[in-house]
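A.B. asks: Each chain is listed here by its residues.
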Amino acid sequence: IAGITQAPTSQILAAGRRMTLRCTQDMRHNAMYWYRQDLGLGLRLIHYSNTAGTTGKGEVPDGYSVSRANTDDFPLTLASAVPSQTSVYFCASGTEQTQYFGPGTRLLVL
Amino acid sequence: GEDVEQSLFLSVREGDSSVINCTYTDSSSTYLYWYKQEPGAGLQLLTYIFSNMDMKQDQRLTVLLNKKDKHLSLRIADTQTGDSAIYFCAEATSNTGKLIFGQGTTLQVKP
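If you read the sequences in order, they're chains A and B.
Heads up: the first sequence begins at 1 in the numbering used here, then just goes up one per residue.
Heads up: the second sequence begins at 1001 in the numbering used here, then just goes up one per residue.
This is chain B alone, in the form it adopts within the complex:
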């Protein structure tokens, strides 16, 4: 079945770049997503990429997709303390719109 894997924890210093990685198994995924969850809050859609794209940039966020290796990454430039949160990778299963989520990566930003 479909599966999405993420590393559980990442710690960076304020001002550095953060790179959060994700692997998935469904080769027929249509869209891949990054969501952010702050403590006690719901999930906020950060960005998404269509499966026929290699890269998408939105201000400090860069998403890279390697479809051959089924690898997705989220790079946050100039990481700030407000970026501390859990980041979820998700894939849309083909033709259903249902999302399969990774376990989430906790990003800790040290001052």
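Bound-form chain A, shown alone:
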């Protein structure tokens, strides 16, 4: 593994289903982030974690949950997906100065 990986690459999901987006980094960064990207809105922060064992809410946290059991992994869970959660989801990890992004997960909720 080099950098940040995300899985799946893309997913079509029925509304009401539960879904976990996976994110793993091998750079030993303390901080990790989840963003969603929507046309015309740029990237918006969903949740973040400054270090293993802690999480915090970003700008658009409703309908999403995260956990940070260890340094490397930061999964994002949609408990009951809704069509408005159709988006491209990016995971990032970083230092105090910079953030590095994964390749993204394209999610379509029907």
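Simulated from the structure, these hints should not be mistaken for laboratory data.
The beta-carbon is built from N, C-alpha and C at its ideal position, and this holds for glycine as well.
Watch out, some of these pointers could steer you wrong.
Facing chain B, according to a computed beta carbon distance under 10 Å, are these residues of chain A, among others [said to hold, decoys possible]:
1) L41
2) L43
3) A52
4) D62
5) Y64
6) S67
With chain A held as given, fit chain B onto it using these hints.
C.D. replies: Relative to the frame of chain A, chain B by itself:
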């Protein structure tokens, strides 16, 4: 709250210079960033500048920061077709490391 604004589109001819502008509102920003996103890909960090700097140059890229006016610009010299992408400006909110992104500027480079 914090806000970052960018123009949505810029078109230039190959070989010309491109200048992408960004304004932000948080006067306590510590770092400001430029990211590049190619179609279907993630965000690639291009460069960043610390808030106490006025300018940073890295090969074809020049970042100018006017802290008084809260204005950030990215100049790409000798723009190439491979520079066609969406460019995002972002600021780091003070003491949190969280980034606030602009909407992105689509750069179109014509041959």
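A.B. asks: Each hint needs a verdict: does it hold in this structure or not?
C.D. replies: Hints versus structure:
1. L41: holds (7 Å)
2. L43: holds (4 Å)
3. A52: violated (15 Å)
4. D62: This hint is violated: A/D62 lies away from chain B, its Cβ roughly 17 Å from the closest one there, beyond 10 Å.
5. Y64: This hint is violated: A/Y64 lies away from chain B, its Cβ roughly 16 Å from the closest one there, beyond 10 Å.
6. S67: Violated: closest Cβ of chain B sits about 19 Å from A/S67, beyond 10 Å.
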